[in-house]
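Enquirer: Numbering of the sequence shown is given in the numbering used here, commencing with residue 1 and proceeding in unit increments.
Fair warning: there could be bad hints in the mix.
Mimicking DSS-like on lysine-lysine, the simulated pairs with C-alpha atoms at most 30 Å apart in a straight line are [what the hints assert, rightly or not]:
id, residue 1, residue 2
1, K28, K40
2, K40, K26
3, K9, K28
4, K9, K26
Simulated from the structure, these hints should not be mistaken for laboratory data.
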Amino acid sequence: MTTSVIQPKWHTTAEVAVMLGFGPSKTKMLVLTGEIRSVKVGRNRKILPSSIRRWHSGSCGTRRSP
1 MTTSVIQPKW HTTAEVAVML GFGPSKTKML VLTGEIRSVK VGRNRKILPS SIRRWHSGSC
61 GTRRSP
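Modelling step: build the complete structure from the supplied sequences, incorporating the hints.
Expert: What follows is the structure, given as structure tokens:
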């Protein structure tokens, strides 16, 4: 019997920037401020798709005051 372990795909900040249509600086700021949750792996940040979905569902339809 063979068992498979499904592991979630972690994304880089560059990949997330492309997905969201933001520049790298804006994406890194969202990560560093904790708006998008991430894990630091060495010198890099890794982001789960669930963190992107959570941020996206919370940010759609909301406006920040100036």
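Enquirer: Would you mind marking each hint as holding or not holding in the structure?
Expert: Right, here's what the structure says about each hint:
no.: 1; hint: K28 with K40; in the structure: 12 Å, holds
no.: 2; hint: K40 with K26; in the structure: 18 Å, holds
no.: 3; hint: K9 with K28; in the structure: 19 Å, holds
no.: 4; hint: K9 with K26; in the structure: 22 Å, holds
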